[in-house]
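**Student:** Please build the complex by placing chain B on the supplied structure of chain A, with the hints as guidance.
Taken in order, these protein sequences are the chains called A and B.
Read the first sequence against the numbering used here and you will find it ends at 150, with the numbers running on by one and no gaps.
Read the second sequence against the numbering used here and you will find it ends at 1104, with the numbers running on by one and no gaps.
Only true hints are included.
Okay, derived cross-link-like pairs now, BS3-like style, lysine-lysine, Cα gap no bigger than 30 Å in a straight line:
(1) A/Lys32 with A/Lys112
(2) A/Lys112 with A/Lys76
(3) B/Lys1085 with B/Lys1047
(4) A/Lys32 with A/Lys76
(5) B/Lys1077 with B/Lys1047
(6) B/Lys1085 with A/Lys25
(7) B/Lys1099 with A/Lys25
(8) B/Lys1077 with A/Lys32
(9) A/Lys112 with B/Lys1077
(10) B/Lys1085 with B/Lys1099
(11) B/Lys1099 with B/Lys1047
(12) B/Lys1099 with B/Lys1077
(13) A/Lys25 with B/Lys1077
(14) A/Lys25 with A/Lys112
Distance windows between CB atoms, simulated:
(15) A/Asp36 with B/Arg1050: 29 to 39 Å
(16) A/Leu148 with B/Gln1078: 20 to 30 Å
(17) B/Glu1015 with A/Ser134: 43 to 53 Å
(18) A/Asp140 with B/Asp1021: 47 to 57 Å
(19) B/Gln1036 with A/Met117: 50 to 60 Å
(20) A/Gln73 with B/Gln1012: 41 to 51 Å
(21) A/Ala70 with B/Thr1003: 55 to 65 Å
(22) A/Ser121 with B/Met1002: 52 to 62 Å
The set of hints was computed from the structure by calculation and includes no laboratory data.
Each residue gets a CB set at the ideal place from its N, CA and C atoms; glycine is no exception.
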Amino acid sequence: MTTTTTLQEQPLVPDFGEEADTDRKLVIICSKGNLDMAYPALVMANAALGEGIETHLFFTFWGFDVINNATMQDLKFTPVGNTAMHIQQAGAVRPEMLEQIVAMDGHLWACKMSFDMQHLSEDDLYDGVDGVISAADFMDLSQDGQLLFI
Amino acid sequence: MMTTTIAGRELQVNEEGFLTDPTQWDEELAGVLAGQIGIMLTDAHWKAIRFLRSDHAVTGQTPTLRRVSTTGGIPVKQLFTLFPKKPAKKMAYIAGLPKPVGCV
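Chain A on its own, in the form it takes in the complex (with noise of 0.2 Å):
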């Protein structure tokens, strides 16, 4: 006699990670002001908050220039020391990938000495900067969190 054994199979179904532990942080510490600098931070934390990951960007030294309402129309490649650039171009830090992270409850903060050094007020900063910080109030927000240097 054959035993036919039913398995009630649970269907396959994505695992969204409902179950783990929501507390993972991204900490992304923007110094550089190139274009080409500027983007990795701002792609990776898009894609950090779209994974539900909590995600804090700090703008410090030329950094700066990517919220500075100034200059953060004219970030700029440079051909000179890179030999894989073959053309010169020049751009924009588009404002909506901005927009994105802070409508993901991305945050952004300024450093408060960059801030001082390039004697600024807020209102010269992007409108979605949360604060201007402190290295110490950093260390604190930076707290348990992934950091990424750039």
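**Tutor:** Frame of chain A; chain B shown alone:
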């Protein structure tokens, strides 16, 4: 090629469970797939799901969040409310499409 049975239908899926044959999908199945991941479809959900289907039919690719927002006209914030935490993947699953591959 893997298959899984949902609502009495044998569906072709990838190793994660996303449908691999868009022709096996219909709107009734969408409701069942949504239920599998704890989402009850409302008109607002349907607007997004139908955009995914129509856009995929034209481009051959699953639209990214950004595209659903800019071309489909549904704000990103709303997508996060409708499909919590991972809207791009959840929409794709319910719409019976592959995960989007675009980065932005």
